[in-house]
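Number of protein chains: 2
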Amino acid sequence: MSENAVSQPGRDERLALAFAQLRELLGDRASRGESVRAIHGRDESWHHPQMPDAVVFPQSTAEVSAVARICHQHRLPMIPFGAGSSVEGALIPVQGGVVIDTSQMNQLLAVHPGNFDCVVQPGLQRRALNEQLKDTGLFFTVDPGADATIGGMTSTRASGTNTVRYGTMADAVRGLEVVLADGRIIRTGNRARKSSAGYDLTHLFVGAEGTLGIVTEITLRLYPRPEDVTSATCRFTSLRAAVDTAVAVMQAGIGVARVELLDEVMIDAVNRYSKLDLPLVPHLFFEFHGSPARTREDAGVVEELCADHGGDAFEWSTAPEERARLWRARHDCAYACMAYQRPKRMMTTDVCVPLTDLADCIEAARADAAEAGITAPVLGHVGDGNFHMVLLIDPDDPAEVERAEGVNRRLVERAIACGGTCTGEHGVGLGKREFLRLEHGEALEVMRSIKAALDPLDLMNPGKVLPD
Amino acid sequence: MSENAVSQPGRDERLALAFAQLRELLGDRASRGESVRAIHGRDESWHHPQMPDAVVFPQSTAEVSAVARICHQHRLPMIPFGAGSSVEGALIPVQGGVVIDTSQMNQLLAVHPGNFDCVVQPGLQRRALNEQLKDTGLFFTVDPGADATIGGMTSTRASGTNTVRYGTMADAVRGLEVVLADGRIIRTGNRARKSSAGYDLTHLFVGAEGTLGIVTEITLRLYPRPEDVTSATCRFTSLRAAVDTAVAVMQAGIGVARVELLDEVMIDAVNRYSKLDLPLVPHLFFEFHGSPARTREDAGVVEELCADHGGDAFEWSTAPEERARLWRARHDCAYACMAYQRPKRMMTTDVCVPLTDLADCIEAARADAAEAGITAPVLGHVGDGNFHMVLLIDPDDPAEVERAEGVNRRLVERAIACGGTCTGEHGVGLGKREFLRLEHGEALEVMRSIKAALDPLDLMNPGKVLPD
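Residue numbers (numbering that gives the first Met the number 0), protein chains in the order written: chain X, 0 to 467; chain Y, 0 to 467.
Don't take each hint at face value.
For each label pair, taking beta carbons as the anchor points, the in silico distance ranges come out as [as the list claims (entries may be wrong)]:
| no. | chain 1 | residue 1 | chain 2 | residue 2 | range |
| --- | --- | --- | --- | --- | --- |
| 1 | Y | Ala127 | X | Gly136 | 53 to 59 angstroms |
| 2 | X | Glu444 | Y | Arg436 | 53 to 59 angstroms |
| 3 | X | Asp227 | Y | Arg327 | 36 to 42 angstroms |
| 4 | X | Ala318 | Y | Arg126 | 28 to 34 angstroms |
| 5 | Y | Ala323 | X | Gly136 | 36 to 42 angstroms |
| 6 | X | Ser290 | Y | Arg126 | 31 to 37 angstroms |
| 7 | X | Pro278 | Y | Arg327 | 55 to 61 angstroms |
| 8 | X | Pro466 | Y | Val35 | 44 to 50 angstroms |
| 9 | Y | Glu412 | X | Gln72 | 33 to 39 angstroms |
| 10 | X | Ser34 | Y | Glu412 | 49 to 55 angstroms |
By construction, these hints were calculated from the structure, which means they are not laboratory data. Glycine included, C-beta positions come from ideal geometry on N, C-alpha and C.
Work out the full structure, taking the sequences as your base and the hints as a guide.
Given below as structure tokens:
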């Protein structure tokens, strides 16, 4: 705490002063209403909701900057809020404060088709963005399960099913506008394809989960829509055979656009939620992008690799409806999990490991969950070495939570031991904080010194990412 | 300066104390010899050489850490040194101090073919790395003109001719080991393909030009060697036609592996240096990687695009010798420029701009150089929007230097005005420092605060990157 903390007014008083200023700035777009606060205090994870003190709905960067100046003046936490789809508690206001809801900053500001980029506000959701890009022949590639906002995806360094081909948000973001803790506005990066001009602040803010500043504008890299898209599915008798196939596909250097694993438990959940009738065995879902000649060549090579590994009933399709149904079901996996043993909630694991360690990691995790008596569907972006075991738990059953945390912890320890990471794409939030010590060691102190340099009063989404 | 600066011994005394400790640590591998110091005080640019006070040749991370502790104790600058091939003065010891030459840390430590990665020491040069990778079927993709070290390329965020397909060092580096200013050793990143676990320190150190720490180990992403490689050249009657063709190739979404522009002056320089006899008109050099069917398909599409833009004598070849001769000549462009009007030296421009602004930028720069009466061959990684106009100058002719700096400055201003950057790949060093104000504005203050947090005594390659 700063030295003058003693002479400062108490929290209630500071809040009242700040809220009066926020009201003056934003009118009805600053709220202390119970229901508004409740909506902004929870995410899609098992973490317990907590209420913020106020919620604001800015409509411009200037307003976000003014909000930050007010919060800075009164030493109040600021928590940026997108679609609320975090699965790690990243947006839960654990120290109260002011939630900055970006939903009214949801414009596509510019599209530059000739340079493959666009500029968006943080509250724009990924499906709406692609809808608006339709006529340009380009698309935005990163597709997590939720219809998340671009700001939220930027802040969690999100990825998705076709990251294996097009990359994560770290690759997609070319530049940012960011409001700092004291209200200053900066720009990072540019619209060029590369730059060596000083420290890479863009990558520093991407994945910082709002703990270093509030992202108010994002320049995104776009890709041409593929001429042809072909999907395929294949069944396997064992999980290891499916994973080994995916790794072989990657090692063959095929530019596959998607390669997703669903284990037999996940298939059951998906069948029920999305009204499918897939056989209850491990599956791989593939997608190929390119000219028709190329997608056919790719699919042919992959079909052979599947057969080599005992894969069965390789089926491919170019029919858009069937493809859409399949991938929609895949994207709804999280919701399928939530529905599978309702009212249980999701404790989601998210390790990412070297491809050569992937099969061992998944098998060990499944055995561990089984021993702990926890239902745990598995799905994986296996081309990236990333998978999610979704531990279905009752957050109010301390014994079950503890058993699940043990499974998660041991999984993370195995992942880090083989050169992997505790989170491939969901971010740290509240749920993975403690693992950063193990994963980063002394480098965690460097992260802390950067946090202290950029946000000395610890006002930006406090209590997240860095362990206490 | 720290508070106890007053009571500290003078610089000569500190140097003597430090050198005694460095000698004890490294024996003959710590030198104050005149010739050794002279070699380590110059690069390949027009910037005036300056002598360091000492040069050390560590053989391990532990030794680098010990050197850093000694320099930290005695408040001496530390300058990491690779192949000495900077073209921006990045390694010139403008405040004296200790140069840390990494040439004896040049081992390939591990190769993991199944996960497409390898781990190297910073002093390993890029050609030696690829030589050692030969039997794995993989290759390291980033290929600047010089046979630079991986440490130097990491620190300048280098790129090369096939960055258009495989990315820059920012994409190639998965993780680092770094020695900090006080000798602490940290690790960043990991061997997974993606991670959302905290702040992205890897990208912060990549491109920091040794001003935040000394890179002692690098985990690199590798790619499968393409089954087939096809090269092509095409001549154009105008520079604009050549650039427009390159942009059209990019916009067609062809996964071209290389697309390089050489203007007629550069062709002349290359003809003389590399004993070629290319006609003195603007050329594009292409390369295609993939299965034979794919490279043929790609080359066919590009041939059509060239013809559409008035390109002439499109010639392609799969013969390795001819291809090697052509690309070797391309890689030797910098040396060809140096030889073109010897003893003139290179002031290299390095802007990178949105593709849609590229032709205008190059034309304006050429007109400006012509008006300033400076010979200035142009070559460009035009698929990336990056080009170099090499201003050939006599560093001891102040009027010529001033005219060239004017051309460079106006070029940078135009690039930044259209959303580009002052340096696409060479880094900031000494030569581009002043442009960072214009390019980054208030964000420069954030860079300064990060520098202050990580290197509070300003010992790591001081006087570089950030303007005074």
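Quiz item: Checking against the hints above, which ones are violated?
Solution: 1, 2 and 4
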